[in-house]
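Q: Counting from 0, one number per residue, gives the positions in the sequence shown under numbering that gives the first Met the number 0.
Treat the hints with care, as some may be off.
[Stated by the list, open to error] Below 30 Å or equal to it, Euclidean Cα-Cα: the simulated DSS-like pairs (lysine-lysine) are: (1) K145 <-> K80; (2) K214 <-> K188; (3) K172 <-> K193; (4) K101 <-> K194; (5) K188 <-> K172; (6) K194 <-> K214; (7) K86 <-> K14; (8) K87 <-> K56; (9) K89 <-> K145.
Just so you know, these hints were derived from the structure itself, not from any lab.
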Amino acid sequence: MPSHMKAWAYTEHGKITTVLKLNPNFPVPEPKSNQVLIKVVAAAINPVDYAKIEGRKVYEDAGHVPFPIVPGYDVAGVVVKVGSGVKKLKEGDEVYGMVEAKDVGSLAEYTTAQENGLDHKPPNLGFAEAAAIPLAIQTAYGALHKVGLSPGQSILVLGASGGVGTFVVQVAKHVFGASVVAATASTGKLELLKKLGVDMPIDYTKQNFEDLPGKFDVVYDAVGEVK
0 MPSHMKAWAY TEHGKITTVL KLNPNFPVPE PKSNQVLIKV VAAAINPVDY AKIEGRKVYE
60 DAGHVPFPIV PGYDVAGVVV KVGSGVKKLK EGDEVYGMVE AKDVGSLAEY TTAQENGLDH
120 KPPNLGFAEA AAIPLAIQTA YGALHKVGLS PGQSILVLGA SGGVGTFVVQ VAKHVFGASV
180 VAATASTGKL ELLKKLGVDM PIDYTKQNFE DLPGKFDVVY DAVGEVK
């Protein structure tokens with residue numbers, strides 16, 4: 000096991016193209032008792048990563064992670080070392096999941112993650128596909144759970160063709176049992192919405208969702224941004 004690795008890291012906040020740089024000699028993290036060390040095969044970067052790099056406060060503890068910081072929450076790879084308290088994972092397991100904000104991120108050759116933040120990678124998914132799932136689906140599911148979407152209710156999803164939106168429409172229908180799923184997207188993405196099971200695809204370039212007849216029990220905005 001090497002003691003150092005290549006990793007994308009930043010030592011100050013600013014524009015991502017300016018401050019994020021490849022560090023060829025970053026220390027390989029040591030897994031804690033409840034963590035595993037992962038050899039990263041694929042990683043994903045999300046809007047939250049951009050926000051943190053730019054210095055926008057995203058979480059309460061966002062300002063308590065010392066520089067240099069390696070970004071990236073989503074990861075897929077192979078377990079190469081396990082902590083003493085790890086019970087369900089072993090060396091050689093192909094896994095995917097999320098890295099905690101305070102740890103070395105996934106934009107590196109190696110990263111650590113808690114066992115309860117990982118799962119075995121489904122054999123029908125490639126590493127890149129698996130790495131694109133964790134944070135987006137957590138965001139989708141978490142909001143639907145918090146708002147209390149119930150079986151038989153209707154939902155309108157704004158921005159349904161994006162990373163979070165595509166999961167929202169599927170989770171709303173197949174996990175929470177929504178009776179009607181309406182969703183907005185551009186003209187070229189309407190077929191995707193139909194394939195995902197959307198009952199009422201809406202082309203926002205031609206129709207204003209505010210003019211739709213009737214009401215929806217839940218509206219999920221996957222476009223807007225809180226500032």
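Q: CA of K86 to CA of K14, is that 30 Å or under?
A: At roughly 41 Å apart (the allowed maximum being 30 Å), K14 and K86 break the hint.
Q: Just to be careful, I want the Cα atoms of K172 and K193 compared with a cutoff of 30 Å; is the pair within it?
A: 13 Å, holds
Q: For K194 and K214, compute the direct alpha-carbon distance and say whether it is at most 30 Å.
A: 24 Å, holds
Q: Does the structure keep K188 and K172 at a Cα separation of 30 Å or less?
A: This hinted pair holds, its Cα atoms lying about 19 Å apart.
Q: Taking 30 Å as the top limit, are the C-alpha atoms of K101 and K194 close enough?
A: Violated: K101 and K194 sit about 38 Å apart, past 30 Å.
Q: Would you mind confirming whether the straight-line C-alpha gap from K214 to K188 stays at or under 30 Å?
A: 24 Å, holds
Q: Do the alpha carbons of K89 and K145 lie within 30 Å of each other, as the hint requires?
A: 34 Å, violated
Q: Quickly compare the C-alpha distance for K87 and K56 to 30 Å and report which way the hint goes.
A: 34 Å, violated
Q: Has the given pair, K145 with K80, been kept, meaning a C-alpha gap of at most 30 Å?
A: Not satisfied, since the Cα-Cα distance of roughly 35 Å exceeds 30 Å.
Violated hints, listed in ascending order, are 1, 4, 7, 8, 9; each of the other numbered hints is respected by the structure.
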